[in-house]
Amino acid sequence: MSFIRPNIRHPQLKVNEIGYTRADYEGALSTLCAGCGHDSISASILQSCFELSIEPHKVAKMSGIGCSSKTPAYFLGKSHGFNSVHGRMPSVATGANLANRDLVYIGVSGDGDTASIGMGQFAHVVRRNLNMVYIVMNNGCYGLTKGQDSATADRGSASKKGVPNPFSSIDLCETAIQLGAGFVARSFSGDKEQLIPLIKAAISHRGFALIDVVSPCVTFNNTVKSTKSYDHVREHMNATGTFDFVPLKEEITTQYSPGETEEITLHDGSAVRLHKATENLDFSSRRSALNEIERFKEKGEILTGLLFLNPQTPDTHEMLGTTPTPLNKLTYEQLCPGNGTLKSINESFK
Amino acid sequence: MHKITATNDFVIKFANINGTGSASANNMFAKSIFRSGIPVTPKNIFPSNIQGLPTWYEVRVNEKGYLGRRGGVDFMVATNGQTMMQDFQEVLPGGYFLYDNTKPLAPNYKRDDIQLIGIPLTEICIQEYADPRQRQLFKNIIYVGALSYLLNIQFEVFQKLVEDQFKGKEKLITPNLHALELGYRYAKEHYTDTCGLKIEARDLNQGKILVDGNTGTALGAIYAGATVAGWYPITPSTSVVDAFEKYCKRLRVDPASGKNNFAILQAEDELAAMGMVLGASWNGARAFTATSGPGVSLMAEFLGLAYFAEIPGVLVDVQRTGPSTGMPTRTQQSDVLPAAYASHGDTKHVCLYPADPKECFEMSFNAFELTEYLQTPVIILSDLDLGMNDNLCDEFEWDDQTAYNRGKVLSKEELDSLEQRWGRYLDTDGEGIGYRTIPGTHPTKGSYFTRGSSHDEYAAYTESSEAYVRSMQRLEHKWDTAKTLVPKPVISNSSKSTKVGAIYFGTSTQAAKEAIDQAEDKQLHINGLQIKAFPFTKEVEDFIEQHDYLFVIEQNRDAQMKTMLVNELEIDPKKFISILNYDGMPITANFISKQFINVMNQDKVTPIQKADRG
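Going down the list, the protein sequences come from chains A and B.
If you want the numbering used here, it's the position in the first sequence, counting the first as 1, plus 5.
If you want the numbering used here, it's the position in the second sequence, counting the first as 1, plus 50.
All clues given are correct.
Which stretches of chain B does chain A cover? Using the computed rule of at least three CB atoms under 8 Å from a CB of chain A, they are:
| id | stretch |
| --- | --- |
| 1 | 300 to 313 |
| 2 | 349 to 356 |
| 3 | 492 to 501 |
Hints in this document: simulated from the structure, not taken from any laboratory.
Quick caveat: nothing in here was measured; it's all calculated off a predicted structure.
For glycine and all other residues, C-beta sits at the position ideal for the given N, C-alpha and C.
Given only the sequences and the hints, what does the whole structure look like? Please build it.
Now the structure itself:
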């Protein structure tokens, strides 16, 4: 069952630019296990939307099936949510976006929902560069069915059952880069300082933005032999750099020396400012991103942070040439050609 | 030798090779009959192939207006060596066999009961044309020219047709007219008074059009205001989306900006196509997909979600011969049962059964109105015969006073003025349908969580048995509401009172009606009922009640519609006699009437009800 929080608020809660408090972005109480990484990600999504001053009702939360896909009930309670079927969130999000291009689409999925049953839809939503944020809460296992390995489990990693996974793993970030995503990042549920600016930038990016967030499953996959446990990720994660999200109106004052810092302006005028930790990475190069991910993998480490960014890719609507007015707002007069036209169409069938 | 003689009442069949340009020539022939003012029914019998396999085109000419297949061939135009013997055998005694006599017929082509008409198509083309492609293409036009003479179709009709067809490509008019003349002249010189089949111009096609059903469905979607189409290519449904796109480009591009007031997206599979439809419909756009049986199997998952979470969506199923891949280019009505109950758990879906392109147009509009009002998917069950063949029907009509009924959707103002707590799945006005909200409508009110898992009246997740049962019962109540909104059946009563009925739907309708007339000629009287929708309305139940026994005519092996009638209306199955055609070819009037007559004559000796009920 879902819980409803008591509606008592401190009178001096901080409000954002549009007058909402952080509490206005909350959802129902989570029913996930205590300590689940997913709850931290939900909190980061909530915080990001609050800080970006997005009206909650202008967000649509889309998900499939699984522990991760339940989370949209636990944040942004004033937004519409759609918990669809297993592995099919991308197509539902595609249809929703076609109908109304003005909303912010936040898709939440898991590693089973994306990399196994939903691999086909994931690949194609990336190809079409649908304007959405796609967050994978990646714990390398199937939580709701008690801990089976998923397709993102690393070879040799062992969950609570103790049997090392014999199969190759799918790297969703590498896949997305190859399929043409404009924004690709990896993060860790335990690192909100990294995750929140990434989510904010992903929302501001126009086009498909993937954030693959390693999110340990405390119940089934937090073992010493798991490569997706809290301890393992903390010890082996290496960030591409630190990262600031600079909203449109903020004046850029701090000066960084060239080479260390890269600033990339997004489509809406906001910017990401990167303080790179690795000199080898060119964020605008697919090849460079893939090389770096693999280079760290060879060392047994996980490269996190922004991995690839191309802010200029046309999104689905641009490719289809759709009108700027949301299709669900078009009127009868704009849609129905009327009987006069039908008469001339009839003539063509004679 | 007896020769078949008939005016405006015969069947002519063209045997061709796929990919040789025969289709446009054959279409031109059918259209010439239409423009001569005589009802005509062309059927394209084509292979699942792009080039090289046999293809046929069967045209029925009937001034009485019977539009179903009759059965039998009076005149064969045989241009395909691969099937020539089969085509030769198929001609009815007294019929005509037109062939290319550039080379003489092989000695095993022996029949003295048919009239041979040899025209040296190849030889004429070699003499006239240097380009091998032209030699191929114009062969077809030459035999059409010959038919113009043999069947007495006014040459001016063809002249006009060629001019219309090549409007904008005027250079092609003269060579096509020349080819027609070549055929006409040859036939006139060699076959004066040979053919007993004649076309006499009439004026029976006033207010009629000749168009394929898929075009009707697509136009219906345009007029219904559909803006989103997610789809995956599959024969015989592809042309629904092709036509939708064609007319969208003509009618839905914003003149000022050049931007599209529509979005058509080719999905990666039928799962995704249906997902797109539901996402868009959930978000307040009218959306549809078109597919065939194999696609419906995949879409079953999403149909269940849409049923339970109460999301609109229109699915056009242009049926083909199953099971599995079956015969992809042949027709059937074999998705009746799987469409109605698609998906796991207790699900059922509103289905509409169009019988001609005008019904495709109307039901397509109807489907969008119903799906939004009922907040449940609506499936249009067309088929290959209707969808891909040109069918004669009344002109499409649109009432400019029409306003779309978007169903129970709350606006921002309505949300503000609500006095009681809103629940997405609360049945506040007794129809079993809740009020929904579209994302983005109101900053603080009306948001909810759509899910395929069990939910209560306020859309909250629940594992309460009572809440689950309440929601399933409400869906059942909504189903009863649907019975009052779907199109009613059409009853055609016999000239004399009778206790025998016939039930038919979709493309079985035309042939069934003709068969009823054929039985009537033998003093056997049958009342007819055309089912237009599932769930069945009261009228269907009453009609069955009023008859001692009823024929159920359908184009599948398993009597799927009969099964639904028996189950849904709790009718004794012995009351029904199935007439089933499932060979992939459109059902014929002769096939149906033969069974009417057999059963009813036997019934005179031993009444069926008594015999069956013991």
